[in-house]
Amino acid sequence: MRKAMVIPYFWVELTCRTKYPSGQPKVDLLEAEMSEYFEIAYAAVAKRLCFFTGTGFSKALSDGSIPGWQELLENICDTHITKKGFKETLFPENSTNPLSLEEAAQVINIELARTGKNIHDAIAEHIAVIESADDTPHTSKFLSENDFRVVTTNYDKLLETVAGEDCQTLTPGLPIPRSNSRVKTFHVHGSIDVPDRMVVTSDDYFHFMNSDSYFSRKLSTVLHENTVVILGYSLGDANLKAILSDYKGFVQSHRVSNSIFLVSRGPVDQTIIDYYSNCYGIRVIDETEVEEFFQLLNGTLSEAKSCVESSQVNIKKVLYSTHEFTDKFLRVESSFYEIVSSIGAVGASLDDTEVVEAFGKIVDAKRKLTREDGAWSQYVHLATWLTYLGTLVDVPGTSMEEAYLKAVQYSMEHSTKKQRLGYSWHAYGVWESRWNSISAPNRNMIANFIEKHSGDGDALRIVSKD
191 MRKAMVIPYF
201 WVELTCRTKY
211 PSGQPKVDLL
221 EAEMSEYFEI
231 AYAAVAKRLC
241 FFTGTGFSKA
251 LSDGSIPGWQ
261 ELLENICDTH
271 ITKKGFKETL
281 FPENSTNPLS
291 LEEAAQVINI
301 ELARTGKNIH
311 DAIAEHIAVI
321 ESADDTPHTS
331 KFLSENDFRV
341 VTTNYDKLLE
351 TVAGEDCQTL
361 TPGLPIPRSN
371 SRVKTFHVHG
381 SIDVPDRMVV
391 TSDDYFHFMN
401 SDSYFSRKLS
411 TVLHENTVVI
421 LGYSLGDANL
431 KAILSDYKGF
441 VQSHRVSNSI
451 FLVSRGPVDQ
461 TIIDYYSNCY
471 GIRVIDETEV
481 EEFFQLLNGT
491 LSEAKSCVES
501 SQVNIKKVLY
511 STHEFTDKFL
521 RVESSFYEIV
531 SSIGAVGASL
541 DDTEVVEAFG
551 KIVDAKRKLT
561 REDGAWSQYV
571 HLATWLTYLG
581 TLVDVPGTSM
591 EEAYLKAVQY
601 SMEHSTKKQR
611 LGYSWHAYGV
621 WESRWNSISA
631 PNRNMIANFI
641 EKHSGDGDAL
651 RIVSKD
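If you count the sequence shown from 1, you need to add 190 to reach our numbering.
Just so you know, these hints were derived from the structure itself, not from any lab. Hints should not be assumed to be uniformly reliable.
[Stated by the list, open to error] No more than 35 Å apart at the CA atoms, straight line, and that leaves these computed lysine-lysine pairs for DSBU-like:
1. Lys273 / Lys307
2. Lys607 / Lys551
3. Lys551 / Lys608
4. Lys518 / Lys237
5. Lys596 / Lys506
6. Lys596 / Lys551
7. Lys558 / Lys507
8. Lys495 / Lys331
9. Lys551 / Lys237
10. Lys374 / Lys331
11. Lys374 / Lys249
12. Lys551 / Lys518
13. Lys506 / Lys551
14. Lys331 / Lys249
15. Lys506 / Lys495
16. Lys596 / Lys608
17. Lys495 / Lys507
18. Lys518 / Lys558
19. Lys374 / Lys307
20. Lys518 / Lys495
21. Lys642 / Lys608
22. Lys596 / Lys518
23. Lys277 / Lys249
24. Lys518 / Lys607
25. Lys237 / Lys331
Please read these numbers as outputs of a predicted model, since none were measured by experiment.
Kindly generate the complete structure, drawing on both the sequences and the hints.
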């Protein structure tokens, strides 16, 4: 994701009034990148947002003071084990570790037992003294002011400290609170509150993965009922993949618009993005630090708050009655993100007959808006909507396929890489920048259709990017 400043949605109209000498509006392509943040903000306002946090998130909250998993085990060895060469055997400097980290933890625990110690207490003592940093204002603002749920494999309680009042900790070994709270944090691997219940060693992991506990059942419920944002994990993390395997089947069978996002600090290769999109329904927001993510999210909350209640009433009228969205509403770019979010909020599926029919009418109406005088921004919106829809659901084989492909062809054939009178080069910029964010099945479908039905050079240039 391109680094950029926060641009709230209500800036769209002002931006579109700024003209280039040729007459086309100056539309910042960041508007095409903010759809995911609106979706997440909408879920937060609707109290249907869950963060799934790993070590990287605690590192961000503590300015790097929280150690990584291997670093933590090495610290335990340095502090508590005097046996010569012990640490080097488990964690050799110049070769691959002979054991997995949970197996190494099991070996360390066996060695600690010789002196009457155990790894759970040692880890809890090491982590408990680490405090949150003061340089995360955007993260702290969101955590302390909004309703959300957290599923974490971290043992520390830094998030609860930053979130402040009305925050409940749920961890194995403690009674389950029966009252409501603004924030609930589910420590599925245990926490420093009850060290002996923390999932640390290979034996602990075996019992966790094969138990039907309150926390394993609650984990499944929370992931299914909320928009999920993964913070502080790498895509290759074994814990992450194991926990998401059940969620994958749910998304594919229900075609829900509730989504799962992974925020990555570094760039993620397109091949990896495609794999995790197809296998787990994950959409990746890459090259984004935790603090930057919350800065962008905070900048979108106001727009989401202004529409969340009315949008759910309106989408029911459109889907299950004879109502249609007005042109005035559809002229605004964020209206489509509002529609998609409200569909998930009312429990509808993206593949429901009513939803598909509504999408067809909406895209049709947007196409007509592009034909109005001076409607350059509408071409950009249409391109943005179509690319966004292409990230949400695999279109091939659904009843929306024909309408979607015709709209894509229309949008691409009215876009241009070079500045040509009567064509939108900003819409071309949207297709070019967001082409790889579209799911692989949708890209293949679009490419085959354009190559067969269009002779437009710019359209063919876009679909040949793979």
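Hint check results:
Our distance criterion of 35 Å between C-alpha atoms is met by Lys273 and Lys307, whose separation comes to about 14 Å. Under the criterion of a C-alpha separation no larger than 35 Å, the hint pairing Lys607 with Lys551 is consistent with the structure, at around 28 Å. Under the criterion of a C-alpha separation no larger than 35 Å, the hint pairing Lys551 with Lys608 is consistent with the structure, at around 31 Å. For the suggested pair Lys518 and Lys237, the alpha carbons sit about 28 Å apart, so the restraint of at most 35 Å is met.
The suggested pairing of Lys596 with Lys506 holds, with an alpha-carbon distance near 26 Å, which does not exceed 35 Å. For the hint pairing Lys596 with Lys551, the CA-to-CA distance comes to about 13 Å; that is within 35 Å, so the pair holds. Of the pairs offered as hints, the one joining Lys558 and Lys507 holds, with about 22 Å between alpha carbons and a cut-off of 35 Å not exceeded. With a CA separation close to 16 Å, the supplied pair Lys495 and Lys331 stays within the 35 Å bound.
Proposed proximity of Lys551 and Lys237 is supported: the alpha carbons are some 29 Å apart, at most 35 Å. For the hint linking Lys374 to Lys331, the alpha-carbon distance of about 17 Å falls within 35 Å, and the restraint holds. With a C-alpha separation of about 20 Å, the suggested pair Lys374 and Lys249 falls inside the 35 Å cut-off, and the hint holds. Annotation: proposed proximity of Lys551 to Lys518 holds, straight-line Cα distance about 15 Å (limit 35 Å).
Among the hinted pairs, Lys506 with Lys551 is consistent with the structure: their alpha-carbon atoms are about 15 Å apart, no more than 35 Å. With a CA separation close to 18 Å, the supplied pair Lys331 and Lys249 stays within the 35 Å bound. Of the supplied pair hints, the one linking Lys506 and Lys495 holds, its CA atoms being roughly 19 Å apart against a limit of 35 Å. Pair hint Lys596 plus Lys608 holds up; C-alpha atoms about 23 Å apart against a cutoff of 35 Å.
Restraint check for Lys495 and Lys507: the C-alpha separation of about 20 Å stays at or below 35 Å, so the hint holds. Taking the CA atoms of Lys518 and Lys558, the gap is about 13 Å. The hint holds against a cut of 35 Å. For the proposed pair Lys374 and Lys307, the alpha carbon gap of about 32 Å is at most 35 Å, so the pair holds. Only pairs whose Cα atoms come within 35 Å are accepted, and Lys518 paired with Lys495 is accepted, the gap being roughly 20 Å.
Restraint check for Lys642 and Lys608: satisfied, since their Cα atoms lie roughly 23 Å apart, inside the 35 Å limit. Proximity of Lys596 to Lys518 is assessed by CA-CA distance (about 23 Å); at most 35 Å being required, the pair is judged to hold. Restraint check for Lys277 and Lys249: the C-alpha separation of about 24 Å stays at or below 35 Å, so the hint holds. Restraint check: the Cα-Cα separation between Lys518 and Lys607 comes to about 29 Å, which is no more than 35 Å; the hinted pair holds.
Restraint check for Lys237 and Lys331: satisfied, since their Cα atoms lie roughly 16 Å apart, inside the 35 Å limit.
Going down the numbered hints, you'll see the structure goes against none, and every one checks out.
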